[in-house]
Structure formats: C-alpha cells, structure tokens
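These protein sequence lines map, in sequence, to chains A and B. Okay, so the first sequence: first residue is 1 according to the working numbering, each after it adds one. Okay, so the second sequence: first residue is 1001 according to the working numbering, each after it adds one.
Since the hints were made in silico from the structure, they are not lab data. We put the CB at the ideal spot given by N, CA and C, even for glycine.
Between beta-carbon pairs, the in silico distance windows are:
| # | chain 1 | residue 1 | chain 2 | residue 2 | range |
| --- | --- | --- | --- | --- | --- |
| 1 | A | Thr144 | B | Gly1025 | 28 to 34 Å |
| 2 | B | Val1003 | A | Val44 | 39 to 45 Å |
| 3 | B | Ser1002 | A | Leu40 | 47 to 53 Å |
| 4 | B | Gly1017 | A | Glu268 | 46 to 52 Å |
| 5 | B | Leu1020 | A | Glu268 | 40 to 46 Å |
| 6 | A | Gly42 | B | Arg1043 | 17 to 23 Å |
| 7 | B | Val1003 | A | Glu176 | 50 to 56 Å |
| 8 | B | Gly1025 | A | Gly50 | 18 to 24 Å |
| 9 | B | Ala1032 | A | Gly143 | 45 to 51 Å |
| 10 | B | Val1003 | A | His221 | 23 to 29 Å |
| 11 | A | Phe102 | B | Ser1002 | 46 to 52 Å |
| 12 | B | Ser1002 | A | Gln260 | 55 to 61 Å |
| 13 | A | Glu176 | B | Ala1013 | 36 to 42 Å |
Short derived list, chain A residues pointing at chain B, Cβ under 8 Å:
| # | residue |
| --- | --- |
| 14 | His83 |
| 15 | Ile136 |
| 16 | Arg248 |
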Amino acid sequence: METFTSEGALPGAAAAPPAARGRGGARLHRFANPGRFLRLSGRVLPWLAGAAVLLLGVGLPWALFFSPPDWQQGETVRILHVHVPMAWLAMGGYAGLAVGSFVALVWRHPLADLACRELSPVGAAATALCLATGSIWGRPMWGTWWVWDARLTSVLVLFFLWLGHAALVRAFEDPERGSRMGAILALVGAVNLPVVKFSVDWWNTLHQPASVTRIGAPALHADILYPLLVCALGFTLAFAALVLARTRAAVMERRVRALQTAAAWRAEAGAAPGGVASA
Amino acid sequence: MSVHWMHVSAAYALVVGGFLALAAGAAARHRAARRRLLALDPRAARRGDSP
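Work out the full structure, taking the sequences as your base and the hints as a guide.
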C-alpha cells in the first residue's frame, strides 16, 4: 500500500539509497515533497496555461486566415501548422519521458515517476493527433489515407510505445514496480526516436524530408514558418500545462489515499480489543 | 467549402478538440482530488497548505 512518509515526501523518496541521492539527487529530492511541489506548480500553472492560450489565440488564426496558401498544395498546407507541432511533441515528449525515466531509475525520484506516469497518456494523444492530421493531409496530397512507409510506420511504433508505457505503469498492484517496468520500456523505446527523425533520409519515403529542423536554413517561407513556430510554442506550453495539471492531480490523489489509509488504520485500532491494531 | 478546406477544418477541429478534452479531463480530476482532500484534511485549508 502506498503511503506518504512521515516527512511528507512521496513514497520512494525516503527509500532512495545514500549513493543515489548524491549532490544532484539531493537537489532533485527537494521537489519530492508534495507540499512544495503543489505550491510551486500552483504558481506556475496559471502562467503556463495563460501563455499557451495567448500564443494559440494568435497562432491558429494567423495560420488559418493570414498565412498564404502553398503554390502546389493550396489551402491544405495549413494542416502543417497543427500536424508538425504534434509530431514535435510526440518525439520531444518521448525524449522527456526517457529523461524522466532515467532520473526515476537512477535517483529513484518519486515525482519523476509520477510525472512520467501522467505524461504518457498526453504523449499518446499528441502522437495520435499527429497520425490523424497526417492522414487527413495525405488524402488530398497523396491520394491515400495511409502508406506503410518508414516515417509513418515508425511514428505508429512510437504511438504504440506511448500506449504501452501508459498501460504498463498501471498494470501492477505495486505502483513502484509498474513505474520501474515503464521506465525500462521508455528507455529501450528511445531507440525509435532517431529512426523516426532520420527515416526520411535513410529510406525512400512518400513522406517529405525535413523542412524546418534540418542542417542549413529552413525550406519554408517566413510567412508560413513564423505562424508555425508560434503554434508550436503554444502547443508545447499547452502540453506542459496539461502534464503539470495531471501530475498535481495525481499528487493530491496519493495524498487522499494516504489519508484514507491512515483513517482506516485508526478505525481498526479503535475497534480492536484493547485498542491495538492487528496487522 | 472546398474539399481542401474541409480537410483543413477537420484537422484543426481534431487537434483543438483533443487538447480541450484533455484540459477538461485534467481540470475535472484536479477539482475532484482537491474536494476530497479538503474533506479529509480541513486543517490543511486553515493552514493555507491546501493545493
């Protein structure tokens, strides 16, 4: 049964071995205190969400109505402004999951565990949206909703990795064991990230090669590139706000479970003969 | 509305709708956890320690 420790830290924080704490570990473990995390995140979250709404409030109308159509693709090019940010979030988010999993495994940071657990459903949603918008874009441009080319297939594998992580961390009765298994899957799955990124260079794909994140200048005109960057930043902040809000909720839910367990123990102790709880 | 605009609208609706649904889910979960926490530990609210 997971409980909060006497110092108010999340489970696992007190169990971290001294060697694992180290200098970096000790600094990281300061944030394992749920009260401190809730206070800090409560201050950051409104600003994060506000900035995301502001940027998307500017970026989406700019992309939809004020950026020019492409000379070949026509109006359909506007899908780029939502498809590319989802692709970046799918990959960047997974890189974040791998880093968080590494921190959770090496320093046994309980908040990193919890953040990874809450990150994977949001990452899976972003990857699903990337696949869906790509498919909607592909139908008028390629004449098909789907092809089994290297880019599309590797992103589908990424989607399954996200789903696998989300399912695995929730599959064990002992949450710490689930988190450890999930962290290993996240680290092993990170090998797929360069495959996704370079699939368009390594194989002959129907998907176009990189046009923004490539060596040299981006291939996009500034009139299309700038709204794309504003949308990408807005979606990134929205993604971060979502993960933070979910992590806050998860911390509070753990606190609720700890309080309920303590209340049940007190009730059992009161009911037992002589007021002593039977274990 | 041309076929191209229909595809563009569908893609934007999907992404914005998806993010709004995630935000609504997170907000509902947050509210429920906060309510339960305040019910279980009213002293935290008085201490100013409630989330």
